Structure formats: structure tokens, C-alpha cells
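> Sequence:
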Amino acid sequence: YFFALHVETGTNSVFRTYFMTTLATICFMSVVVEGCALVGDKAIESFGEQWLPIVPDEGEPEPKSNRWRNAIRPLIFRSRRGFAYARVIGDFWYKEMDKVVGLLIFTMLFCLSLLPINQLQTMLIWNETFSDILDKKVAVQETVSEVLD
Numbered sequence: 001y002f003f004a005l006h007v008e009t010g011t012n013s014v015f016r017t018y019f020m021t022t023l024a025t026i027c028f029m030s031v032v033v034e035g036c037a038l039v040g041d042k043a044i045e046s047f048g049e050q051w052l053p054i055v056p057d058e059g060e061p062e063p064k065s066n067r068w069r070n071a072i073r074p075l076i077f078r079s080r081r082g083f084a085y086a087r088v089i090g091d092f093w094y095k096e097m098d099k100v101v102g103l104l105i106f107t108m109l110f111c112l113s114l115l116p117i118n119q120l121q122t123m124l125i126w127n128e129t130f131s132d133i134l135d136k137k138v139a140v141q142e143t144v145s146e147v148l149d
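Taken in order, the sequence shown gives residues 1 to 149; the numbers are from our numbering.
Rather than coming from a laboratory, the hints here were simulated on the basis of the structure.
Note that this is a predicted model, so its numbers are computed, not measured.
Calculated lysine-lysine pairs in the DSBU-like style (CA-CA distance at most 35 Å, straight line):
1) Lys42 with Lys95
2) Lys64 with Lys42
3) Lys42 with Lys99
Per label pair, the in silico range of CB-to-CB distance:
4) Leu115 with Phe47: 49 to 55 Å
5) Thr11 with Ile125: 44 to 50 Å
6) Val14 with Val101: 23 to 29 Å
7) Val88 with Val31: 14 to 20 Å
8) Pro74 with Met20: 41 to 47 Å
9) Gln119 with Leu38: 47 to 53 Å
10) Leu109 with Met20: 24 to 30 Å
11) Phe47 with Thr25: 25 to 31 Å
Positions of the beta carbon are idealized from the N, C-alpha and C atoms, including for glycine.
Model the full assembly from the supplied sequences, consistent with the hints where possible.
Shown next, in the form of C-alpha cells:
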């Protein structure tokens, strides 16, 4: 997909095209995984119910439409198994994506914790205290100079 889309122009670099292609692929795959994970039991069990053979009551003849219904019966059951398998795969990848997102969040928090925030806070507090002390010294010097003059 990347190589098919990449056109060498002055505005788009190879890295940007590769990054956008990767991002689009991840978004598409997450939509597919979400779709597979959201398939419910009721939807799987009821899929194709109207196309399954009709069971006649005792003494009644079998309907003519049961011939083609019997022919597609294996297809319906195979489709149900396929939906169940897709949901299992979707659940697995949903859990994996959840782990990756959690890892990214904790990695970002760890990187933020490495910033010298404590040092900056200490410097600001110390500067504020130092400026208060200087203000008091200046006030004392002004008072002394007024008394002496």
C-alpha cells in the first residue's frame, strides 16, 4: 500500500508517507477488530435462521422449499462457526490493543516523571524566598538611610 501510494513530490517526504500509511493501516485494523469483537452470541445463533429447513409437523408433507434450504444448511452453520471464530480473534486482539495502549500511557507517564519538575519547583520557591529577603533588606537599608539623613 505504501509503495503504491508513494509519489515523489516536493511536499511529502518518504517518512511522512510511510507514517500516514502506517497510521491508516492501524486505524483500519482497529475498526475490523472492533467489528469482530462486537459480534454477539445472539447474532451468531440467529444468523440464517430463516434459511434453515422448515421442520414439518407430524403427518404433514415436507415443503418443496426444503430442498434448497437443505443445500445451504452447511453454509449457514459454517458461517456461524466463522463468526464465532472472528469474535474470538477480535477479542484477543482487542485485549492486545488494550495492553499496548496501557503500555503507551505508562511510558508517557514515566517519561514525564523524568523531567526535572522538582528542581524547577525548588528554584522557583528559592527565588521567591530570596526575593522576599532582598525586599526586606532594601526596606531596612532605606529606613536606616532615612534616619541617618
